[in-house]
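Just so you know, the protein sequences line up as chains A and B, in that order. Residues in the first sequence are numbered consecutively from 0, following the numbering used here. Residues in the second sequence are numbered consecutively from 0, following the numbering used here.
No lab work stands behind these hints: they were computed from the structure. Just so we're clear, the structure is a prediction, and the values are computed from it rather than from any experiment. Hints are supplied without guarantee of correctness; some may be wrong.
Identical chains share a label here; the pair holds if one copy fits it or two copies do between them.
Unchecked claim - The calculated lysine-lysine pairs, modelled on DSBU-like cross-linking and capped at a C-alpha distance of 35 Å, are:
| id | residue 1 | residue 2 |
| --- | --- | --- |
| 1 | K86 | K169 |
| 2 | K86 | K590 |
| 3 | K488 | K169 |
| 4 | K488 | K349 |
| 5 | K258 | K349 |
| 6 | K610 | K590 |
| 7 | K239 | K207 |
| 8 | K258 | K610 |
| 9 | K207 | K349 |
| 10 | K169 | K239 |
| 11 | K618 | K495 |
Listed here are the chains, written in short residue letters.
There are 2 protein chains.
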Amino acid sequence: MSDQEQIRKIEQLARLIRYHILVMTTRAGSGHPTSSLSSVELMACLLFGGIFRFDPDRPGHPNNDRLIFSKGHASPLFYALWAAAGKVSGEELLTFREFGSPLEGHPTAAFPYAEAATGSLGQGLAIGVGMALNAKYLDDLPYRTYVLLGDSEMAEGSQWESLQLAVHYKLENLVGIIDVNRLGQRGETLYGWDLAAYERRVSAFGWKTLLVDGHSIADTLAAYREALAVREVPVMLIAKTLKGKGVSFLENRNGWHGKTLGREECERALGELGEVDRSVRGEILRPEERRPKAAPPAGKAPEPVYPPGEPVATRRAYGNALARLYPRYPAIVGLDGEVGNSTYAEIFAKAHPERFFEMYIAEQNMAGAALGLCRRGKIPFVSTFAAFWTRAFDQIRMAQYSAPNVKYVGSHAGVSIGEDGPSQMGLEDIALFRTILNGVVLYPADALSTERLVEEAARHEGMVYIRTTRMATPLLYGPEERFPIGGCKVLRRSEKDAAVVVAAGVTLHEALAAHEILSREGILVRVIDLYSVQPLDEAALREAALATGVVITVEDHHAAGGIGEAVGGALASLGVPVFSLAAVRMPKSGKPQELLDYEGISRTAIVQKVKACLALARKGGPQAL
Amino acid sequence: MSDQEQIRKIEQLARLIRYHILVMTTRAGSGHPTSSLSSVELMACLLFGGIFRFDPDRPGHPNNDRLIFSKGHASPLFYALWAAAGKVSGEELLTFREFGSPLEGHPTAAFPYAEAATGSLGQGLAIGVGMALNAKYLDDLPYRTYVLLGDSEMAEGSQWESLQLAVHYKLENLVGIIDVNRLGQRGETLYGWDLAAYERRVSAFGWKTLLVDGHSIADTLAAYREALAVREVPVMLIAKTLKGKGVSFLENRNGWHGKTLGREECERALGELGEVDRSVRGEILRPEERRPKAAPPAGKAPEPVYPPGEPVATRRAYGNALARLYPRYPAIVGLDGEVGNSTYAEIFAKAHPERFFEMYIAEQNMAGAALGLCRRGKIPFVSTFAAFWTRAFDQIRMAQYSAPNVKYVGSHAGVSIGEDGPSQMGLEDIALFRTILNGVVLYPADALSTERLVEEAARHEGMVYIRTTRMATPLLYGPEERFPIGGCKVLRRSEKDAAVVVAAGVTLHEALAAHEILSREGILVRVIDLYSVQPLDEAALREAALATGVVITVEDHHAAGGIGEAVGGALASLGVPVFSLAAVRMPKSGKPQELLDYEGISRTAIVQKVKACLALARKGGPQAL
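If we strip away everything but chain A, and leave its shape as in the complex, we get (with noise of 0.2 Å):
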């Protein structure tokens, strides 16, 4: 095909997305035609102008170049392009955005030849950040990562976080496209039609820049094929557009984002892109026929080893449970925001270098490369404090539509960090991690738990959170313990508990503590390790609600959305009481154990709330706490 013929069929391409586009939106009542119109060359150059390489009949090819929708809300386009690649029909266009269909608002998961969701913008450089260390460094393939990003959304800091760490890893093999439509929800963006804006940023960066006219075949192909022979950087396609292109009543008119036509301006539109051959269909280029670098076969990993009697911090546990466990999980990479000799990810980085990506304190690129990485079949486990995950709670919560496998790691958890104050204690994450819907969040009281259940995250298909503790803690449990995600460990027990305790991490060794003053003075309470907070046991829960009628919660977290409520809710219909003890004041320096005993979840507390318990119920029963 001469270049000629080749852009004459990128342009009867085009009209037809543009078709697409109009058509699929106008019968949804919703969405965003112009985000997409202005895109719609740069998309089909890239696909359809020899650029991309994928097999549309195998979107899971380990070889396939990866494209990523950071401006998500462009889903008509993305899903018009995989019409005129012939892989989505004309009827499935018009199921756009109704219940049920794969074609939702924005991509998810549901859509097959979405790499993540978006829609949250400012998230898509992270995950192709993810995706092509993953090809550079892991599986050794000569795949590249596409990610369209809207000018819009290059206000985002993260986007400058995922910039900045591509050029670190040098990733030749990651090529952004920034469609400079000019126009954002409700007016101009900062910098307008500044292309020069974009370039200096982006280039002091150290990215290489290309500036497009992003509506000319011929220009837009020149820089494709010109990215493609760029080695060390990553390539920055900046393209100038129109938003609305092709219907010129759209063409760079404030007021017309996320809006659609009515059904007579539809017709408008149409009649405007000319004739439209609704046969035609766009060739994707294969990918080379390569497998990834073969990985280690999985093999066995020594059983962990702790002397009796001499405490341990479980973030320590959890460093080494990871490089213990890589050989028989070699999917397993880890990540850390700068803080790997805190989190004791810097166990597992000096064990196996070769898996561990140092991501600097930039948790929403870490996080959104986390997901890049799952999604190309490993299995992340990505650590920072446990405060900093709130940094990055928007990509974890976009995470859970993208079908993920990420592990996530909060160490110094709770006021017990002691002296270093409330901006380092992590107060929130359970709260944080439990809103996350089948997200799985673990809690371990000592270093042998932790090493079994950092090993329950490996094998558990979904998203793990894992909450460390920074001081060292006794062992509780012996080698020959299991730990499954969903179950806890009943620790105290007799037929005469007048209260059951429940406890997980630090907090599980002041309810010990206080079984044991208590149990001096003749009153005896169950004490349960709830290690798996969520999912719970609830069997185990209810049964020792109702045999002794009191349920303490106590833990080293705000109460709100705390292991508190979570029992509460798993409970509420029983009609026992639960009365819970958290963290509830002003948190501040100090030294941890006045610091439990400031928040009123220590031993003491304990001892006392049983008591006050107790004394209630012998005034009235149950009903009367």
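Dock chain B against the given chain A, drawing on the hints supplied.
Only chain B this time, still in chain A's reference frame:
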């Protein structure tokens, strides 16, 4: 004082400051001496070199220059500076990191010279943007805002959000100082001592950059003087420094981050400082005696008017309310993240453009700037989609340690937004904001209660979150109704209520519809509008729970951390069963009513749940539920 004398004086002060840093951290046994030592000259020159203007006896003076330690772990330096200024005693310094001391591990509002709590990195510059916006656009004061930044934290995307907005708003009154000491927590930073790497990036973003030898007093003073003369653009000093400067065995050594010296090491280090004059005190220039531009006196706001029978979206009522209330609360400022035509912040922006700041799609900087504005006496109302507050939750979490007065508004709550799909649905926002200690969470169901609650938020001193709904909802209340924080409204009530349904926002309308359906079948239920989700009206809930024996909560939000768990927690000691209906299935695109049905939070689901409860109760009372 000649230049030479000034330099000698600063050298003396620098020695004293280093002395304090070493002594206080050694005594505390934790903290960050080396990160403090690198910035000593940078800060001593600023405060005591005739640059900074501040009345130490009146830290609240409106025209004081502002100093924010974004690298909050350099708190020993921060406290030592104020000791050198004569405002903190040597004895007080020795309480560093002790329980109850205002000298916390990282600065918090407990220390009167801290403009804001810091310690989670990459947040100080945004707070500075807010303070500089206030000076230039609201108070019309010449004070400057200085922000000390670490080199490691420049990896946070939030920094680049602030850099871009500071240029957009031409904040020449904002000065950043990057302490490039090369070493992060676990090793070298991304760019080490490559000062040009920072210069390229920061100047590409439009800042004036000045490279400095951060240990040369003459050089540093000259740079500050140059900064004072810059117009129209903010200024960044990029300073080459040595981590641990002044102590031979700490200087530029890895492995000393966040580590303190032993007693003997400390003696050795002090010996290296030379003679320390503990009586020397630094002089700080006083600010000009200027008052903020007079705000209009608090006037009257018109009453809200909504024609009965005409549904109105609460998000629109929010915009109306803010525009209407400004005359009564002239400290109000509006901020929005480029979605003002969706949150309806645009109604305020159009009515009072001089009080509105467009913050573009950069939620982290927006949250930080709002904190800065409230710390300068303003009442910022800051809005975006509820879902996107997850993006700034580290900034929101940190705000609670700064004695804040920010009003966050999240629109597009829940699955009821419909076709746009999960990326745009706020399903975690209640859980997030409920974790804020003393935080208020409001969730109005109609236009009039929205109007009243916006006023309550403006009046309340503290952090408030207001959740609004995309779709129009019918009016429920008349203009005479009042909605105190911590209250609720019992909308349906009889002596024979078989259950109480607690709802808020969109599900309240479903609950009212369910009431109607049920009452036609002779089943009566109580219906409560829980517009104040936090604090909640425990007394009213208890009364209703005891009167009916069954509580059913319904919310367009995930179960974890939501209304159900809040109500369950409040009633946990009662022994009355609480059932939660919440969005617990993977959300998707669809029509609002389809999605309410799909999630089991529609009128149909409520009717079913009530009947199921009654059937079970007939079999054996609440305990059998």
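Structure-based check of all given hints:
Taking identical chains as interchangeable, the C-alpha atoms of K86 and K169 lie at most 35 Å apart only when both belong to the same chain, with a minimum of 34 Å there against 50 Å between chains. In the homo-oligomer, the alpha carbons of K86 and K590 lie at most 35 Å apart only across protomers (26 Å), although the nearest pairing inside one protomer, at 62 Å, exceeds that limit. Taking the closest pair of Cα atoms, K488 and K169 never come within 35 Å of each other, the shortest separation being 47 Å inside a single copy and 60 Å across copies. Proximity of K488 and K349 under a CA criterion of 35 Å is satisfied intra-copy only: 33 Å inside one chain copy versus 60 Å between copies.
Taking the shortest alpha-carbon separations for K258 and K349, only the inter-copy value of 21 Å comes in at or below 35 Å, while the best intra-copy value is 53 Å. For the identical chains of this complex, K610 and K590 are intra-copy neighbours only, at 26 Å inside a copy versus 53 Å across copies, given an alpha-carbon limit of 35 Å. For the identical chains of this complex, K239 and K207 are neighbours both inside a copy (17 Å) and across copies (28 Å), given an alpha-carbon limit of 35 Å. For a Cα distance limit of 35 Å, the shortest separation of K258 from K610 qualifies neither inside one copy, at 63 Å, nor across copies, at 42 Å.
Taking CA atoms no more than 35 Å apart as the test, K207 paired with K349 passes inside one copy only; the shortest distance there is 33 Å, against 41 Å between copies. Taking the closest pair of Cα atoms, K169 and K239 come within 35 Å of each other both inside a single copy (26 Å) and across two copies (26 Å). Within a single copy, K618 and K495 get their C-alpha atoms as close as 19 Å, and across copies as close as 30 Å, so both meet the 35 Å cut-off.
Checked against the numbered hints above, the structure breaks hints 3, 8 and satisfies the rest.
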